[in-house]
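Read top to bottom, the protein sequences are chains D and H. Every position in the first sequence, counted from 1, becomes a number in my numbering once 830 is added. Every position in the second sequence, counted from 1, becomes a number in my numbering once 830 is added.
None of these hints come from the bench; they were simulated from the model. Using N, Cα and C, we set each Cβ at its ideal position, and we do this for glycine too. Some hints here could point you the wrong way.
Capping the alpha-carbon separation at 20 Å, the derived lysine-lysine pairs in PhoX-like fashion look like this [to be verified]:
(1) D:Lys1423 x H:Lys1418
(2) H:Lys924 x H:Lys1135
(3) H:Lys1295 x D:Lys1165
(4) D:Lys924 x H:Lys1418
Listed next, with one range per pair, are the computed distances between beta-carbon atoms [unchecked claim]:
(5) H:Pro968 x D:Gly1307: 55 to 63 Å
(6) H:Gly1401 x D:Lys924: 23 to 31 Å
(7) H:Lys1525 x D:Lys1423: 51 to 59 Å
(8) H:Val1197 x D:Lys1318: 37 to 45 Å
(9) D:His1065 x H:Lys1290: 44 to 52 Å
(10) D:Asn1200 x H:Lys1165: 50 to 58 Å
(11) D:Val945 x H:Lys1165: 20 to 28 Å
(12) D:Ala1173 x H:Val1197: 26 to 34 Å
(13) H:Lys1290 x D:Asn1200: 26 to 34 Å
(14) H:Glu1192 x D:Ala1176: 49 to 57 Å
(15) D:Glu1434 x H:Gly1401: 44 to 52 Å
(16) H:Glu1129 x D:Asn1200: 18 to 26 Å
Spelled out, the chains give:
Number of protein chains: 2
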Amino acid sequence: MKRWLIPLVMLMMHSEPTSPCVFADEGMWLFNNPPRKLLKEKYEFDATEKWLEHVQKSSVRFNSGGSGSFVSADGLVMTNHHVGLGALQKLSKKGKDFVRDGFYAKSLGEEFQSVDEELVVLMDITDVTDQVKAAVKPDMPADKAFEARRAVIAQIEAESEKKTGLHSNVVTLYQGGMFHLYRYKRYTDVRLVFAPEQQIAFYGGDADNFAYPRYDLDVCFFRVYEEGKPAKIEHHLTWSQAGLKDGELVFVSGHPGKTDRLNTVAELEYLRDIGYPFLMQRLNRLEVMLSIYSGRGEEYERKAKDLLFGVANSRKARDGGLAGLQDPAMMAQKKANEKSMRAAIAINSELKDVAQAFDVIEKVQKVRANVIKRYTLIEGGAGFNTGLFGIARALVRAADEYAKPDDQRLSEFNESNKKSLELKLFSRRPIYEDFELAKLQDSMMWLCEILGQENPIVQKALAGKSPRARATELISGTKLMDVEARKKLYQGGKSAVTESKDTMILLSRAIDKESRELRKIIESQLEEPKQQAYDKIAKAKFVLEGTNTYPDATFSLRLSFGTVKGYEEDGKKIPYETTFAGLYETAKEHNNKYPFNLPERWFERKDKLNLKTPFNFVCTADIIGGNSGSPVVNRKGEVVGLIFDGNIQSLVWDFAFTDEQARAVSVCTGAITEALRAVYDAGPLADEIIGGNRK
Amino acid sequence: MKRWLIPLVMLMMHSEPTSPCVFADEGMWLFNNPPRKLLKEKYEFDATEKWLEHVQKSSVRFNSGGSGSFVSADGLVMTNHHVGLGALQKLSKKGKDFVRDGFYAKSLGEEFQSVDEELVVLMDITDVTDQVKAAVKPDMPADKAFEARRAVIAQIEAESEKKTGLHSNVVTLYQGGMFHLYRYKRYTDVRLVFAPEQQIAFYGGDADNFAYPRYDLDVCFFRVYEEGKPAKIEHHLTWSQAGLKDGELVFVSGHPGKTDRLNTVAELEYLRDIGYPFLMQRLNRLEVMLSIYSGRGEEYERKAKDLLFGVANSRKARDGGLAGLQDPAMMAQKKANEKSMRAAIAINSELKDVAQAFDVIEKVQKVRANVIKRYTLIEGGAGFNTGLFGIARALVRAADEYAKPDDQRLSEFNESNKKSLELKLFSRRPIYEDFELAKLQDSMMWLCEILGQENPIVQKALAGKSPRARATELISGTKLMDVEARKKLYQGGKSAVTESKDTMILLSRAIDKESRELRKIIESQLEEPKQQAYDKIAKAKFVLEGTNTYPDATFSLRLSFGTVKGYEEDGKKIPYETTFAGLYETAKEHNNKYPFNLPERWFERKDKLNLKTPFNFVCTADIIGGNSGSPVVNRKGEVVGLIFDGNIQSLVWDFAFTDEQARAVSVCTGAITEALRAVYDAGPLADEIIGGNRK
């Protein structure tokens, strides 16, 4: 399951609802516009306000990327092991590897506070479309239009935050067709309760990633605290005791990151021929670099684990997406859809000004193709691949941006984002100098390879040295590993930053002008014209097809639905669920060799386990990266599963939904409690989950 | 140590001798122009004709890429394990992994015949420069000039072969400044005698590749046969009993693959900004793909081992080379040298027409930048990464080319190359359908990514399908795994090929016109103008600096020299040799964990080993990829070592020689015989080596 890797996808965030007739179980629906009619007609299910509110407020977003749910009144949160991986990694240190060995806190006192995890729960949604659109006048040039929209959004968020105290965020839906204000309750005291060994959480490793049948215990538990005590939670999901039935209706409530289902053909072709190939090049290179680093020894492996997992995971997911884009049948379907829509637009006098929107989107892809590499390497930071550079840039820009009125700042420096920014900036996560050096050296070499060594920005960054020597100089000359040093620069503002001789600060300052210019090109020559064009297309779609549809994914809360259902592959029936027995058989078939080996404990406790317990299952619900950790709930709103992956056939869901073979893959909740009791001696945790609160 | 990976470097074959004053121990010297004076003055060593002839004729080239030497009168050949790796891989099958487990033939009857190994020994050298140059008239257009040179070379080779029965090859030296005819004795009945486990041959794996201190038993032994019996060898090296002394003069006789030391600055900049980055992209992608394939299980790992080793090795070597190109200090030195040379040319009336040669080389780099990706993917075959495509293309082209007079053919189809071509074409090496499919699918996706899916050649290759689906169709529709099917098409000539419905043959035919056109662009718009320009520069160098110099490496036999010598790194003294004791200490430090684990046998036999035995050592002799397996000989012409690597600092030797820290890394011959006796129960083999013949 790919996580929501924000830096990698920042440039591919434009999309829209798709084909005229929505597929049977398709859709990542808004909680304030659920497919009530469809559910009623097809499944005789009433999506009541009460049911929706309960599921919504039981759902949690991990801002580091992923989803989760409350499963007890005492703040217990369930998510995937691979969503918690970053937190586990940050808590680990030499000789104490929670990722490899797992973790269980037998008492509250043993629960480990994560260093910078931030969880949010969606409390309510308000439509602010009119207010946002009113701020952008039709005759504004693109850069002014972009600034005006950014300003009004900052205003709305700041006002809401002031009024309600809730974290407020305006979500752009239908690519600019609608704007909704989402208000969230935030939790930042997040403690680790339980994690199994990565070897069982990610059983089968890269070989089995996106595969099915599967045998992964991809779960971990956190607990949110308020004022030093477990938070009291009103809405949490009840643990189902009933298990699953073939064909049963289920729902997924989570935060799908990004889909591109209603991109125009021109934009899909850009992604196929330019965007994805460049991304694949980057991911392949990172994977090799991280694998080599890990190969130096156990301690190196530990330090690189989280990042390597993320990169390999993205590489495999993107590879699947690209295979979809390279499939002429899918592209032919997309072309046919677009053609018929354009024909319908052409004969509708109400939609006169929509026709050229498609041409605008095609035209701006050329701007994008032209600037994407420079943008990614410089403003995207891919050419300076160390967290220390990100910290330096945040400090340099904070000094500039916080001096401006809120509505004129770069959006990440808006007041509404300040707490999140400070949480990250002052995080005490471990930073390993040698690892930062390895990443920086490799990425600065790549910077030279892609932009050319004589490129003026590259020359500025290198300061007359080779990329390797310069990276060494940068790492050895920065104090930003030290949180106190960061705080001093942050609090010292512009003058402190200007006077700083810290190498990383100096680098960031040296290239900031060019970097901001690249951002401006993307914003005013690509994003703004695209947003305006997609807004028109969205309007046309509402006119032609009605509003009973869903927007492309935006890492905001959505509701999907589907049925528990196996499928056929190469003439073979793949049953909808696996069992613990299948896990042991698989390990045996592979002589218990990595990545199909089992942690020792699973052999020791085999006799205690009910081997018939259903372990993983598939359903047809529509998901995408970001849904990792989403609860699967039944008609009663009880949790029956935990999304952790999609099968290989689901990887085209980025661009189009099909349910012939494509499936979402989940852990059965029954397997989780069975393993907690029989393998991990974590009976009290299982009791809390099943009872709904701590005893 | 990188091997001579011909497809990867085909486009980077132009180079030339370097700085005005040759460094102390610099140079890959021609056997017919050795540095006699230098050796005499600096080391009081007489390079007599007798000494030279003995070393030359004891040296062996592995045409698959690498060097070796005769070490007994009964045809015994010593080389590196990693040079023999391809042969070991081809002899392995499911359940019998010679790469992992090693091999020892206790008797002649147990020696395993390799499927397509070809060894050659250089018998003599004739200067044919005048004859070749006379064929190319000054007023010929580039394409005609190229053809005329190709034709005269084919004639010379064919005549020589007819006259002497020896394999004859005209070697282009000094980038076209000289042409020498090399005559070789060929051996194609090559049998495996001994190989240790890869884990001790490549101890430390990728982490330690190009590192020092080292502990690798990177050796294997083959025996060449003639008429079913061990070949009787006149010249073979005597095993030194004396060991090594610090500062001792040593020689390396081997086949360095390719250097670029005298490239103009413009060409180095091309390599830095275009050539190497594109190559790195390819290698990273291949490494990820092969690692994933290997990760599926033991049998997959076995099938991909040889290729994965080669790719990872190249990636690391190229990365080091690129770091050199990205070093402004090295480039500044190159620029200064070129500037002073151009100044000397400008004031020398004899050299009037040389001035613009530099501009020509700069100009053709643009042609190269423009065509390199298409050329590599289509004519280079990187977009169709399966041996089956190579076979199909050879069959398709053989039908066309063999119908032409010898001197008008593509050079690989010249009569003088026919035996080698047939050896490869009809090789019974195992071909694994699933492995070929994995490689072809990935490379055809890459083809689309790089050239764009709408590119007309890509469209032809895809035939309306997605790259994955098309690859599946191509593999399932070809019979070329079957050697008999190949023979039938080969013998059937043009009509058989034209009528064939074999998918791979059809693909090759479909794109052959475009592919040949790309080759023609490279030959007539890049290689020919470059060759003529470098010829002029070479002449100028002879005038300005004399001919007591060496040409860039060309995978032909060369003699290097240097001293056994440690170095300093980060203030630490690195001694010139390691011992078996150090090996065991290293394994212990890493808890015997991969890649620092030892084969079980090495623990069992530890007591039997003399732990003080010197294991690996370094010297300053000038080597490069292709030198793998070269013997290191002392003043007496006895073999004291076996080249298997260079340290990380030596990776810039592609472009410039330095001996401050850069070193060649070898196995001590004493360690080989000690391990044969104490660890491998191979006393008789050790006796043969030391005695000089079988008992």
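Discussion item. Under the constraints set out in the numbered hints, which ones does this structure not fulfil?
Written reply: Hint check: 1, 7, 8, 9, 10, 11, 12, 16 fail, others pass.
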